[in-house]
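Chains as they are written, first to last, in UniProt numbering: chain A, 1 to 257; chain B, 1 to 257; chain C, 1 to 257; chain D, 1 to 257; chain E, 1 to 257; chain F, 1 to 257.
None of these hints come from the bench; they were simulated from the model.
Any given hint could turn out to be false.
Chain copies aren't distinguished; within one or between two, either way the pair holds.
With a straight-line Cα cutoff of 20 Å, these simulated DMTMM-like cross-link-like pairs (lysine to aspartate or glutamate) come out [as the list claims (entries may be wrong)]: (1) 82 / 185; (2) 148 / 4; (3) 22 / 181; (4) 22 / 7; (5) 143 / 242.
These figures come from a predicted structure and were not determined experimentally.
Protein chains: 6
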Amino acid sequence: MRVDGRENKQLRPVHIETHFIKHAEGSVFITVGDTKVICTASIDDKVPPFMRGGGKGWITAEYAMLPRATEQRNVRESSKGKVSGRTMEIQRLIGRVLRSVVDLEKLGEKTIWIDCDVIQADGGTRTASITGAFVAMVLAFAKLVEEKRLAEIPVTDFLAATSVGIDPQHGVILDLNYAEDSQAEVDMNVVMTGAGHFVEIQGTGEEATFSREQLNELLETAELGIRQLIDIQKEILGSLAEQIGAKMSTEERVKEA
Amino acid sequence: MRVDGRENKQLRPVHIETHFIKHAEGSVFITVGDTKVICTASIDDKVPPFMRGGGKGWITAEYAMLPRATEQRNVRESSKGKVSGRTMEIQRLIGRVLRSVVDLEKLGEKTIWIDCDVIQADGGTRTASITGAFVAMVLAFAKLVEEKRLAEIPVTDFLAATSVGIDPQHGVILDLNYAEDSQAEVDMNVVMTGAGHFVEIQGTGEEATFSREQLNELLETAELGIRQLIDIQKEILGSLAEQIGAKMSTEERVKEA
Amino acid sequence: MRVDGRENKQLRPVHIETHFIKHAEGSVFITVGDTKVICTASIDDKVPPFMRGGGKGWITAEYAMLPRATEQRNVRESSKGKVSGRTMEIQRLIGRVLRSVVDLEKLGEKTIWIDCDVIQADGGTRTASITGAFVAMVLAFAKLVEEKRLAEIPVTDFLAATSVGIDPQHGVILDLNYAEDSQAEVDMNVVMTGAGHFVEIQGTGEEATFSREQLNELLETAELGIRQLIDIQKEILGSLAEQIGAKMSTEERVKEA
Amino acid sequence: MRVDGRENKQLRPVHIETHFIKHAEGSVFITVGDTKVICTASIDDKVPPFMRGGGKGWITAEYAMLPRATEQRNVRESSKGKVSGRTMEIQRLIGRVLRSVVDLEKLGEKTIWIDCDVIQADGGTRTASITGAFVAMVLAFAKLVEEKRLAEIPVTDFLAATSVGIDPQHGVILDLNYAEDSQAEVDMNVVMTGAGHFVEIQGTGEEATFSREQLNELLETAELGIRQLIDIQKEILGSLAEQIGAKMSTEERVKEA
Amino acid sequence: MRVDGRENKQLRPVHIETHFIKHAEGSVFITVGDTKVICTASIDDKVPPFMRGGGKGWITAEYAMLPRATEQRNVRESSKGKVSGRTMEIQRLIGRVLRSVVDLEKLGEKTIWIDCDVIQADGGTRTASITGAFVAMVLAFAKLVEEKRLAEIPVTDFLAATSVGIDPQHGVILDLNYAEDSQAEVDMNVVMTGAGHFVEIQGTGEEATFSREQLNELLETAELGIRQLIDIQKEILGSLAEQIGAKMSTEERVKEA
Amino acid sequence: MRVDGRENKQLRPVHIETHFIKHAEGSVFITVGDTKVICTASIDDKVPPFMRGGGKGWITAEYAMLPRATEQRNVRESSKGKVSGRTMEIQRLIGRVLRSVVDLEKLGEKTIWIDCDVIQADGGTRTASITGAFVAMVLAFAKLVEEKRLAEIPVTDFLAATSVGIDPQHGVILDLNYAEDSQAEVDMNVVMTGAGHFVEIQGTGEEATFSREQLNELLETAELGIRQLIDIQKEILGSLAEQIGAKMSTEERVKEA
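Chain A with its partners taken away, still in its complex shape:
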């Protein structure tokens, strides 16, 4: 049994509270075990300069931690005057994966700003951010539809993320907390759609490597967790869930071409 009593392939308890911040067009407070993140989606009626006039929308994300989200107080990036490499990687990832399930042409020339602020961290903050940000984004789109600024929710599929890893004692485990993450030999973040396709795989052996068999087990375990996360998203979104379309997969399009 794992340090917190879970089975190897068991997620931590997940809760998503919607409409957490009154000013934001969409917002949630997601908790995955002791990891707690506020995700907001804000709508901006213009796109970045390099996209103007193209008729397509854009989704961009920012990620930060409160100084005391962690065991040791971390120095604010505003005080340091620069954003760390880790933060940049995470915010690029969040924006990229959300864009993969949005029909940016249908969105039109608008930018969705996603903000993921980690209130308390216990491993898996980037994957919790993605899972929560997806819901906040759908809520913001629903508001645009309600205000007749969009004809329909331009989301082609569900999207959620989790981490998997190889623990020196337990082998492949799902949804690592901070203590497990610190010890893991291999750490992998997986982002998948409701249709079961991959959007992003980032697997890393820090001072370690992994075989093809291990990779297969990691990916199956991740899929197991993500299916459950998407079920939670569906429940939270209620009738909005039915408005999320099914986009043709890349595989199908390649076959067609």
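Chain A is already provided as a structure; the job is to place chains B, C, D, E and F on it using the hints.
Okay, now just chains B, C, D, E and F, sitting in the frame of chain A:
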């Protein structure tokens, strides 16, 4: 009646939830109407270079807003690469007033880092931060006492803050929300101790001025609000409240000298 | 008697030399005891982006010290690559109080840049800056009137500032020099108009507090000093002084409404 | 046939010139098609502060492009005053994967600084950097051995990297050039060891997704390319290649535990 | 004889390889002994804001060193977040001297960006940069002529640079390498045209001085070296060399006026 | 006759007021026509890290302009967050030339910080800064001697600087004001010692060139001006002037060797 139905000299509802962040030595989540702030107090076993070897402790504060704490999304200071003048003023203020009720010699060579992160803003974020940070700081000291790293809580008096202002329609009002703050001719932040002494008065007439009579009414109204805030702090702190000492006022010391 | 032989409620010698810098539209060199500040007012024929098209003018201020204005050489803010919190607080203060006595609609879409550069510091640099900057600003307006770019000087009242404090030995004292400032228990900066109204009060007990009675004595002492400073401004400005109007006080307007 | 006449699973021509920079302990000039990178390895006899006293070494990497490495001149990051998110991701990746094949305890408290400077870019700059940096690092270690500062080359296995992708026309292709990379629906960077284990997999569907079958084909294609790259590294390193050990794989160690 | 066996007034071997970078409009790889610099010239179809509408072109330069161009690894300026004073001096110098031999009116509203990146440094990097950048710039102009975007190459004369110095042992020497530069009492960089006129003289006695006679010898030695460098430029440029015009010297124009 | 009525080879009126800033160890206020600079010399009892333990002292300089020193208000470098290339060039120049007339071994491990702050600019600010900074530095050394922290003033010769240029109308002129500097075809700054040796020559033809004959006339004119400036320095320094030694010239030392 005011925009939200309050009397001129009535506070908004105030709630303080303690132990909000598991990692921090002291933490609260304070809500004053729709203004919501997470305050944490972190203990560092050293003091800044300019104080080393002096045997005294230090208290310093940082303040920030989540991007979507406000009606319009505000750009992160970490993205801008610098902290605004407004933020610097507020964090200097919070640190300074907390130091006025702590016996820094008793604290010894430790730094207390106060972090006030505004989750949702509706006016009065700096005064809510002070009122909440005081409680978080006492909780952190209590933890040090519990761990036998301090003999007693080195706090000489209670401390809370509120805003008062002159509204073009209603005259002097207490605890301004954002809508009121935007219209006020005069805006004043007052920080007081449990003994009813002033620690800080910052009164400003933006494109306006105020008379001595108006000042008197502003100060009396502020005192009224602060007394209620300190009662709430006492209730929240329970038995810890009794361990907060009474420091001789500056006035008494000047008389003695 | 105080360290420099003054009475408790006595200002230091004040001199204001006008037209000190040939390029600036308005400029003075003000000395208050050993505190020496160059104040210039520069006219810019546009306003910041957030004000464009509104028909109103703007006044903004910058403040700096030469590295050797102080006993210990201080590192240039340009070398550090950022402006300190203290500097930001002071420049926000100077701009804000000057705006309170200018009719920004009459000024029209122009920005007045105030620069206060401390050549030598001995306490009270921010209040000397305000007192000097007011004169430099009036001189710049006079130039605009002379060049027929303004119909009249859009200044509604005089404005000056001084500091008061509570000294552990002498009690309430006026116009603190650096040595007194370092020892004061309470430090207060007061900005007032010619009509005797307050524009800004910033009172601070660094590791100390103050009572209502002490506050009253501080404010009366400040008023005494500011009246003298305004007399000096009037003398220096000569016939221009008569062109400075009397704006209705906030109190009167609230009564009317 | 692809835009440059290659088969789908064919690498571009690869050349590695060693000892390219006389000052560096190890250096190569690697060209992969029209992508050209100078890789140097520099030895520093201390480790970063967080590692001091632990007896282990460290490997860190920096990556940059000359302004005219690209079709459009790109602004220098030194002029912008900050390093982009993309650059940070790449340099973190290079350092991390090299550390996975070095026995940091054997290295002892030394830091190896890897610098990868792209002289000309045509896709795959990060994977060319890894493949080249591995050789530069081995050369630097060989120098340390020659100078008797190390007993043996502390490298446990070979390491190389390539990109694979899904092209809308050709399906899975190996070693994408810039034109192909711009059109690819899925882009994946794979880093593998001589033993055929994965060190890092980063697969991304920008505005697209991929299935498990596609993933399998991508990984097999990557492995094909990496085996050839490692053969080239072996040839270049000559007798040094025989001194590169075989580290037990993570899988084997997990099985043992 | 000097440390590398040269006569006092002998240049190091100089090679210029053209078209080194495929993307740049003009590029060379210049080696002067062990000093190696990539120089590119990029064309931008607009001028900086302060020059718009004036009908004239502009030439600006950037200069950098790879981290391991030097004996000790130097920290990247992008990591430091700022460009050093030395770098700024050099890039201002390169831009300024190139502008002196270009007819900016004939160029029209275009900017030529010169990038000089030092791959390996052994003294004289700024003079090698100037000598190489001149050739890269001419190649870029030739491309503009070829594409009919310019009627003729708007260059009025050749331009090259070298260093001279006073060595404590050998007296005046030409083209100092790093070892010689470190020991020199006086260091002088001279930039001259094909007509034998000076464009820039920068002579410096670091902790030393020099007499008028020494200055004369330094200048004559520099001229000797620059004549040879211009011969090399002519050879490399082949038939393009004949298209470089002869501009009337300042002396002649002053005489005429 | 020149724009301000001077002869071609005539300096502007020069005044040097000593002990201008009470806190600085040495200070002057130098005016050269309408160019006005405050120069201070501050003593720091340590040297920069790269010089520690070597027994030698260091001299470093900073230079800045007040925002309204110029006709158009210039933006503060502290607001821009970085120091311009021009500023860096000037401060490197000032430090370097002062070091050439100081016996750094005699000074011992101390740093002299020179600050040159331009209050009003009308051309020649860098040369006025050098001429004034020399006097401020001598005054600071005299203070060290008086306090018995130095045995003697470690200055080997006088040092002053002026500008010369080639005017399209008047030919070679001395000590250019701003209007002349803007029109000059060639601009040269010359720094010389009391013994008549050069320390620095920086001659630049911005979009122009100059011949050997013109160079000779420029240097002779500069020498004429510098001799007068050194006479003024001697008069101001009074008896201190006699304590400034004569250092053997580089030429003499090379001859001896």
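_Cα distance capped at 20 Å. Does residue 22 pair with residue 181 within a copy, between copies, both, or neither?_
between (34 Å within a copy, 19 Å between copies)
_With identical chains, the pair residue 148 and residue 4 could be close in the same copy or across copies; at 20 Å between alpha carbons, which is it: within, between, both, or neither?_
Neither, since 47 Å and 29 Å both go past 20 Å.
*Can you give me the call for residue 82 and residue 185, within, between, both or neither, at a CA distance of at most 20 Å?*
Neither: 30 Å inside a chain and 32 Å across chains, both beyond 20 Å.
*Measure nothing new, just compare the shortest in-copy and cross-copy C-alpha distances for residue 22 and residue 7 to 20 Å and report within, between, both or neither.*
neither (38 Å within a copy, 24 Å between copies)
*Go through the copies and call it for residue 143 and residue 242: within, between, both or neither, with a Cα cutoff of 20 Å.*
within (16 Å within a copy, 50 Å between copies)
Against the hints set out earlier in the document, violations occur for numbers 1, 2, 4.
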